[in-house]
Structure formats: structure tokens, C-alpha cells
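Participant: Spelled out from the first residue to the last, the chains are:
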Amino acid sequence: MKEIALFIFIFILLLVPLASGGEWRGDGMPLYVIAEGSIHGGVYVGGGHGLTYEDPYVEYFDLPGNIEYARLYVPVWNYNEGDWIEVSINGNSQGKTSEPSYVSAWGICDYVFNVTDELSPGMNTVSVTYHNTNGAPYSIVLVAVYNDITMPQTRFWIAEGNHALSQRSKIDHDEVIFNGDGGDIPIETTNATLWTMIIAGNEGEIDKLYFNSNLLGEDVGRRKSGAYFDLDRWDVTEFVDTNNNSVWFDRGDESYIHPFNAVFFIEFMEDQGDDFIEIYPMAKSKRENLPRVVVMVLVISILFLVYRVRRKK
Amino acid sequence: MKHLAILVLLIFFLPQLAAAELEIGMDIPLKNKEIYQENKLVAGVSWYERGQVVLTNTGDEKLHNILVSVDIPLGMDIEIPLQAMKNISADNNTVTAMVGEIGPRESTSFIFSVKPPESIEFKKKGSFAISTSYEDSTGIHSASYTHVVEVVPPPSWITYGTVLASIFIILMAFLIAWKFNVLEQFTTIDLITIALLAGLIGVVFRWFWQTFNDLLGPLGGLLFTIPTAVLMVIALQIVRKPGTATLLFTVVELVALVVWGSNITVWMGWYMTEGIIVDILVLLFKKDYADRRSTAIIYCVARSAYAYWMFYFFFAPAVWKVYYAPWYAWGEVGIAAIGGLIGGAIGYSIAKKVRGAMI
Chain A
1 MKEIALFIFI
11 FILLLVPLAS
21 GGEWRGDGMP
31 LYVIAEGSIH
41 GGVYVGGGHG
51 LTYEDPYVEY
61 FDLPGNIEYA
71 RLYVPVWNYN
81 EGDWIEVSIN
91 GNSQGKTSEP
101 SYVSAWGICD
111 YVFNVTDELS
121 PGMNTVSVTY
131 HNTNGAPYSI
141 VLVAVYNDIT
151 MPQTRFWIAE
161 GNHALSQRSK
171 IDHDEVIFNG
181 DGGDIPIETT
191 NATLWTMIIA
201 GNEGEIDKLY
211 FNSNLLGEDV
221 GRRKSGAYFD
231 LDRWDVTEFV
241 DTNNNSVWFD
251 RGDESYIHPF
261 NAVFFIEFME
271 DQGDDFIEIY
281 PMAKSKRENL
291 PRVVVMVLVI
301 SILFLVYRVR
311 RKK
Chain B
1001 MKHLAILVLL
1011 IFFLPQLAAA
1021 ELEIGMDIPL
1031 KNKEIYQENK
1041 LVAGVSWYER
1051 GQVVLTNTGD
1061 EKLHNILVSV
1071 DIPLGMDIEI
1081 PLQAMKNISA
1091 DNNTVTAMVG
1101 EIGPRESTSF
1111 IFSVKPPESI
1121 EFKKKGSFAI
1131 STSYEDSTGI
1141 HSASYTHVVE
1151 VVPPPSWITY
1161 GTVLASIFII
1171 LMAFLIAWKF
1181 NVLEQFTTID
1191 LITIALLAGL
1201 IGVVFRWFWQ
1211 TFNDLLGPLG
1221 GLLFTIPTAV
1231 LMVIALQIVR
1241 KPGTATLLFT
1251 VVELVALVVW
1261 GSNITVWMGW
1271 YMTEGIIVDI
1281 LVLLFKKDYA
1291 DRRSTAIIYC
1301 VARSAYAYWM
1311 FYFFFAPAVW
1321 KVYYAPWYAW
1331 GEVGIAAIGG
1341 LIGGAIGYSI
1351 AKKVRGAMI
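As they're listed, the protein sequences go chains A and B. Every letter in the first sequence is one number past the one before it in the numbering used here, and letter 20, counting from 1, is 20. Every letter in the second sequence is one number past the one before it in the numbering used here, and letter 253, counting from 1, is 1253.
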């Protein structure tokens, strides 16, 4: 009996400190606007190509000149402490990064980089090498705002995050609102485009995507851009509101689905004030270390063991 | 005379032979070969699979004006991803690439994506026929290469069959349980014991494994197989009823379903088979409830190896449409068996003490 008690005691002692590096990473970060602005030019969004476990993982981006602001997203499966990625842009290493920007669920994470000054006009090669025993990048995605004075003025919003919509945590939707500052969007616009990036969607598990309550698609997260990766472009011109515009990710039947990005931009027919870019501080994911249910099961099991041993005596 | 003719032929063809120095290779799907099986495409996947053509100049002279065409089999849709090389196009069932030049001992490559067929009845072979023409100082030459892949049927209809089989297993389990009054043999205390051990496997050790499996690299699975084996042996020794293992692993999956939201309802029958195998072994060993170290090890090795075999050779292709490289998958099954061996040996000692303390 003493040996059993000792075994349980040692086990708990081992478990408690290790729990600080817990794998269930919580529900992650709901999407929020990291940057917005107006620019004579446009917004480039591109990337690929699904979970393939290639190392290095390489993606190409054919960019216009005059990049004013650019963010690079590297979603990765199975983050654990000690893992790292090393991003190289056109052969220039950006150094090893061990701390992802957003982590959720069972280690689905996103490494986000500001790469405004690293890109060149024309073809850019981005490669990622990584240390992650059982994981790998889902994709490399680039969002770049570029200046071109010959183009109409474009109002844009870039939202990022990593929200674990899951059956487990009963989180069924994520909504991001692109605030129009009290109606600075004119009624007449030429093109309104929404890009969405979703990780871990499954074909046949029907999720839904809405823009201003208009259904854009069902089963959007179905691994069509690569394994566990969906990057979609939507023409939402007919649904644009002059004030606030919202994107609503509905989990539907998906067990797990992670909205990662929503990038929205509207091309104006006439200029609406001066060009500007406003960048907001990055938010931090809330982390959940030791799930309560694990503690509960452990405690109940120990109580039961003690009860049965005492009952015998 | 005969030798002279051969010599003349050799002299005539030698420059041509020397010039034929463009080596062609192809990789598809473009995935980590240490994990995924090469040259196997799954029909019915929702994404495009990437393929890469690699051209290597094995000679000592620069090659120019290299034109490559790849005939895509089985009418697969084609996409050309953005890449460093330009001048790549797709037309109907052919990918065409114009490569400027390749220096001596240098390689170049380009990628294309194909969407495997939506549906095929049986697995079939498909051939990517690659032909090239190129120039060097001696003139225009050509080379060709055929890359064969196997396209396997979409798991969707295999999936339907396996779901039906899963339901059949559940029904059979219920039928046997009802016919032989199996559940009535379990006391309340037995059921609580099984539920708590299942909770430890499905909640505590599953979390523990998910959390720390990277620390052990490829041996990370041991963090789950060893405690599972230990707890299974404890369950067998304490409860000592036919059907204990089946009930244990059924409850493990139910717990995982509730706690972690695992979407396994339709596969429940297959998960039950982990326990069914152990219960059959118990009967074969004349109701030896892991009472000897040898039987404890046999049960645990069988369960662990079977569970991993199911994952890599059944669930992965049927549910997730992923074909793992055979050596990798068998390696994982082997590691699981080792986990079962260790867990069985440890579990026997712990279970004996727990049983002594409780009963």
C-alpha cells in the first residue's frame, strides 16, 4: 500500500510542474483588426499550400512595388515548448523564432511577422525550416499593402487571430467587425473583396461564413487549398455597408475549426480623405494550462482508490 | 568486318550519346517522404496535390532551349502554382515548361498541381509522360521519362463500408452482451472502477501524452501506450469479468467524445475492437486476467500494436485520406508494441499491488 501511495505521490509531483507547459492551449485569440487604412494602391493576399511536412516549406509571392505594410503568417500544427521556425525571405534569414504569436487548442499556432522591409517587387521566395517533432507548417500566407498612385483609393482592414471554434469548448462562432468610423464608406464603391484564411476545416462538416449576415458559403473550411488549409477570396461588393462591416465564422458541424485571417478592402470610385495606415498593438492569446477536467478525474480516481483500500481494511 | 561496323556505328553515334545528358526526375505528391508514401494519390481529396519535375544536366556542357511537356494522366485538373520559374503553362492535359538553360552539373525544377479524380472504382495506375527537347553544341536532342503513380479509390465509399462494419460490431457487441448477460455480471463497484480507469486513460493520460509527446520525439507514443497498458492490466486484474477490456475501451472513447469533442461516434465499433481483441485473448488463455506477467505483456502488446495498426493502415487512409510511408507506419506500430511490452510488464507489478490493497 505504501508503494502505491508513493507511486501516486510521485506521479502528482511530476505532473504539477510539467503542467505549466500544458498542451491544451486554450481557445486562442478571436480575430481582431491589426491594421487598417486607406491607400492609393491595393492589398495583395496570397499563399499556400497545406500541411505537407515538407522541410523547408517554400512559397512564392509575385508582388508589386512600393510595399507600405506587409504581414507574413505561418500557421503551424502541433506547437510545443522548444519548437522553432526559421523564416527566410529571398534567401535572407529572419532568425529563429520560438514563440508563436497566437496558440490555441492542441498546439495549432500562428507565427506572425512584420515583413514590410524584407520584400522586393516581383517574385519573392519565402521558405520556412522548422523544429517540431510531430508538426509542420500548414501554409505561408502574405498580406501586403502596396502604394500605386495610378490606382483608385482603397480602404482596407487586416484582421488576424487564431480562434479555436470547437465542440469541446462550445465556442460556435467568431465575428470580426471592420469599423467604418461612422460612415466613411460611400454608397457607391467599385469592388469590395474579402479574403479569409481558415485552418483545420474538414470536408463534409458544414461550417458557414457570413458577411453582414449574408451567407457567403457553406463548408468553406474543407481543405480545398491544401491539407487542413483554406484560403478564399470573396467578392462582397453587393453586401457592403457604409458604416460597419462584419465577418461571421460559424462553426456549424465542424468539430474544430480555426479562423486565422479576414482581410477586407474596398476600392473607392472617388477619394475619401487622405491616405493613412494605422497599425494596432498585437494582442496576446490567453493560455489554459491544466484543464480542470484532468484535475477532476485525477482527484476522483485517487479518492476512489483510497475508499476501496479503506473499505478492505 | 563485324567489329568494324560496330566501330563505325559507335563513332557515328558517340556525340549523340554524349549529348544526351538531361536527366529527368519527378516527385509526387510533394510531401515529406519520410512520412508519406511516394507515388500514391488518393482520389476524391478536396485539394490539389503538387508534383515536381526535376531536370539535371549531368554533362559538362550547358544545355539551352529546354522545352518540357508533361502529359497528365486520368484527366486530372491542373493548376500551376506561383514559383520561381516562369513560362509554365497548362493546356488540357499537358503541362508545358520552357526552361532557358541549365549549366553543367546543375539542376532546375518546376512544380504543378493536379487534382486526383473525384472517383474511381478500383485503384489504378497513372503515368506522367514527360518529354523534353533541348540543345547543346552538337544540335537538338530529346529525352523522355515516364513516372508511374497509383491512384487509390476515394475513401468515401470505403468509409461508408467501414462505418457499416463499425455499426455491425457495436450491434454484435450489444447482442453478445445481452445474450450472455455480460453487463449484469458487473457489479456497481466494477463499473465505477472501469469508468475511473477509462477516465484516467481518456482524460488524464491522453492530455499528458498530447502535452509532452514531443519531448520523446518519435517515441512520444510511449507516453500513451505505456499508461494505457498499465491501466488495462489493473482493470483486468481487479474486475476479472469477461468483456472488461471491451467495456474499458468503449468508455475511454465515450469519455474522449464528451471531454475532448473527438468526433468518433460512427467509428465506435472499431475502437471497441481494441478491447474485443484483449477479451478474446483472455478467453483463449483460459480466463487468465493478466495474472501472469507473460499474459499481461501479450495482451498489452496485442492491444497497442493493433490500435496503432488501425490508426495508420485503416483510419488514416479511410478517414483522413492520408497514406503514410509503410516503413514509417510499421515503425510506429513497432514502437507501440514496445510500449505494450513495457506497460504490460510494469502493469502486472502495479496491478498485483493494487489488487492486494483493494481486494
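Keep in mind the hints are simulated off the structure, nothing from the lab. The structure presented is a predicted model; accordingly, all values stated were derived computationally and were not measured. A portion of the hints provided could be inaccurate.
[Claimed, not checked] Looking from chain B toward chain A, a few residues come up when the C-beta cut is under 10 Å (computed): (1) Leu1200; (2) Val1259; (3) Val1322.
Backbone N, C-alpha and C define an ideal beta-carbon position, used for all residues, glycine too.
Participant: Confirm or reject each hint.
Facilitator: How the hints compare with the structure:
With a cut of 10 Å, the hint placing Leu1200 (chain B) at the interface with chain A holds, because the nearest CB-to-CB distance is about 6 Å. Look at Val1259 (chain B): its Cβ gets to within about 5 Å of chain A, closer than 10 Å, so that hint holds up. Annotation: interface hint on Val1322 (chain B) holds; nearest CB of chain A at approximately 8 Å, less than 10 Å.
The structure is consistent with each of the numbered hints, conforming to all of them.
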